[in-house]
Each structure stands twice: as C-alpha cells, then as structure tokens.
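Asker: Under our numbering, the residues of the sequence shown are numbered 14 to 316, in order.
Incorrect hints may have been included.
With a cut-off of at most 25 Å between alpha-carbon atoms, the simulated DSS-like pairs for lysine-lysine come out as follows [as the list claims (entries may be wrong)]: (1) Lys227 x Lys278; (2) Lys165 x Lys203; (3) Lys224 x Lys287; (4) Lys287 x Lys227; (5) Lys165 x Lys124; (6) Lys293 x Lys227; (7) Lys117 x Lys165; (8) Lys135 x Lys165.
DEER-style ranges, computed between Cβ atoms [stated by the list, open to error]: (9) Pro138 x Thr170: 18 to 24 Å; (10) Ala186 x His158: 23 to 29 Å; (11) Asp233 x Arg189: 32 to 38 Å; (12) Ile234 x Ser103: 33 to 39 Å; (13) Ser247 x Glu121: 33 to 39 Å; (14) Phe119 x Arg212: 49 to 55 Å.
Hints in this document: simulated from the structure, not taken from any laboratory.
Note that the Cβ used here is the ideal one computed from N, Cα and C, for glycine as well.
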Amino acid sequence: MSKFKLDPKTILDLVCFVGASVSVYYLINQVVNSLDGSKSQNKKKANATVQKLQQRHPGLELALDEYEQIIVNSVIMPEDIKVGFKAESSANFINIRMSTIMDKWFGESNKLVAAIFSLAHKLQPCIIFIDEIDSFLRERQSSDHEVTAMLKAEFMTLWDGLTSEGRILVLGATNRPNDIDDAILRRMPKRFPVKLPERAQRRRILEIMLKDAKVDPTFDIDEVATRTAGLSGSDIREACRNAAMTATRDYIRSNFENGRRKRGKTEVPIRPIKTEDFFKQTASETPLPTNSVGNIPVASDVE
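All chains, full assembly: derive it from the sequences and hints.
Answerer: Here it is, written out as structure tokens:
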C-alpha cells in the first residue's frame with residue numbers, strides 16, 4: 014500500500030486556506046461583538062433615561078418596546094434645558110434626528126416614526142422637535158424614493174391621530190420654509206419668523222463670543238455691532254473667529270519663517286484683537302460687509 018503524500022504546493026494552499034478561514038472568523042466575530050456592544054450601550058443609556066423620567070414623574074411606569082428604547086435616547090427633560098422651553102412649558106423634549114429614524118432595513122424607519130408618537134403619548138406633555146424640517150418633510154415629488162414617501166406618509170398619518178386632549182406639540186425649525194410640503198404646512202398653522210439680530214442683540218452676541226478673548230483696550234465693540242447689520246448670529250460668530258485668526262497669523266509671521274521658529278529673535282506674543290481685524294480681507298476670507306449680506310443689500314437697523 015502506497016503512502017499518501019502531499020506535495021509542497023498543496024501544503025501551502027491548505028495553510029493559506031486555513032489561515033484565511035481563521036482570519037474571516039475573527040473578523041466576523043469582532044464585527045458581531047461590536048454591534049452587540051453598541052446595542053448594549055444604547056440599552057443602558059435608554060434605561061438611565063427611563064430612570065430619570067421615573068424620578069421626575071413618581072408613579073410613572075414606562076414599558077418601552079425595542080423601537081421606543083431607541084427613541085428615548087433623544088429625550089431631553091426640562092431640567093436639562095437651560096432656557097426657553099423649560100421656563101415656558103416644563104414639557105419633555107424629543108429631539109428628532111434623521112440618523113435616529115433612518116434604518117438600513119426596509120420598514121424599520123416607519124416603526125421608529127411610530128415609536129416617536131407612542132413615546133410622546135407616554136411622556137406628555139411633550140414636544141417633538143425636528144430641526145431642519147425641510148430635509149425630512151420637504152415637498153413630495155414623483156421622483157421620491159419609495160421609503161422616503163412611506164416615511165412622510167407615516168409621519169403625517171400619526172400626526173393626524175393626535176387628539177385635542179393630548180398634550181403633544183410638533184415643532185420644526187428651518188431656513189427654507191418654501192421647501193416644506195404643503196400638507197405639512199397645513200398641520201403647522203402657527204409660524205414664528207426669527208429675524209436677524211438688531212444692533213443691541215449683535216452687541217450682546219459679540220460680548221459673549223469675545224468674553225474669553227484678549228481684546229485691545231481701543232477695541233470698539235459698538236462700531237463692530239453697527240457695521241454688522243444684516244448678519245446672523247452664526248455670521249457674527251464666524252467673524253469673531255476670523256478676527257482671532259488674524260491676530261494668530263500676525264504672531265506666526267513675526268515668530269516663524271518657512272515653518273521654523275526664527276533664531277536670535279525675541280518671541281513676539283499674540284497681540285490682542287483689534288477693531289480692524291473684523292474688516293481685514295485675506296485670500297480665503299471676505300471682510301464683514303457694511304449693511305449687506307453677500308450681494309443682497311440690507312436696510313440699516315431702525316432703532
């Protein structure tokens with residue numbers, strides 16, 4: 014009887030096959046464990062939120078399904094809100110994000126939308142807040158994906174199911190109100206335009222943004238507040254950042270050359286922010302306009 018022999022090439026192929034199989038096994042095992050860990054962390058966070066809610070509402074028994082446990086992580090309680098809704102409504106706050114309700118599995122997003130409203134019923138008084146609502150409930154078109162169309166229909170159906178006795182408010186924020194679907198606008202009869210800040214408000218924004226910054230004694234905050242008419246709070250924040258970067262660039266030019274610190278020269282400290290730093294133009298930035306936003310003229314403040 015002849016002995017069974019393996020040639021070196023066959024042995025090498027077997028070793029590679031076994032090694033690849035082991036690598037795939039450990040890779041799959043690591044992926045599964047990471048997913049289980051993520052689910053476990055979400056469940057722990059949900060349980061912690063439920064405990065806080067039960068402490069705030071003695072006697073409240075929350076029995077949450079798996080979808081409500083996902084949504085409950087988006088709940089913000091009144092005591093965690095520093096301004097606005099806490100003082101006015103004392104309502105729980107569900108902050109809806111698209112990343113929370115969008116799921117890779119068909120039909121799961123609809124169940125998450127249903128969980129939003131069922132959880133709101135359990136936590137009422139409750140505010141369902143959708144930031145950038147135009148990205149979620151924008152005007153329906155024939156080219157919309159089936160999942161998107163179903164999601165909007167599910168949301169509106171559940172919204173219609175809210176009774177007058179229920180203490181649930183749906184609140185949205187957008188910079189593009191004309192992009193929102195007409196059916197959604199009919200369900201939101203109250204609209205509150207947030208105007209651009211007036212001079213006193215712009216001055217207050219500047220004070221807050223520059224409170225920890227090193228400012229020159231000659232800095233004229235009133236001039237900056239006056240010349241920033243037509244800018245939003247976000248624009249003013251970016252202007253403050255650019256002004257601080259101007260002082261930083263001057264520091265780098267004074268102390269560095271070709272990426273290296275200059276030798277034999279006393280280090281020049283970063284100078285304070287000056288008024289003119291807000292209106293200097295660099296290659297990548299635009300100076301603050303005087304009563305204009307981009308190419309659109311804006312009228313001066315009436316105060």
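Asker: Which numbered hints are broken by the structure, listed smallest first?
Answerer: none
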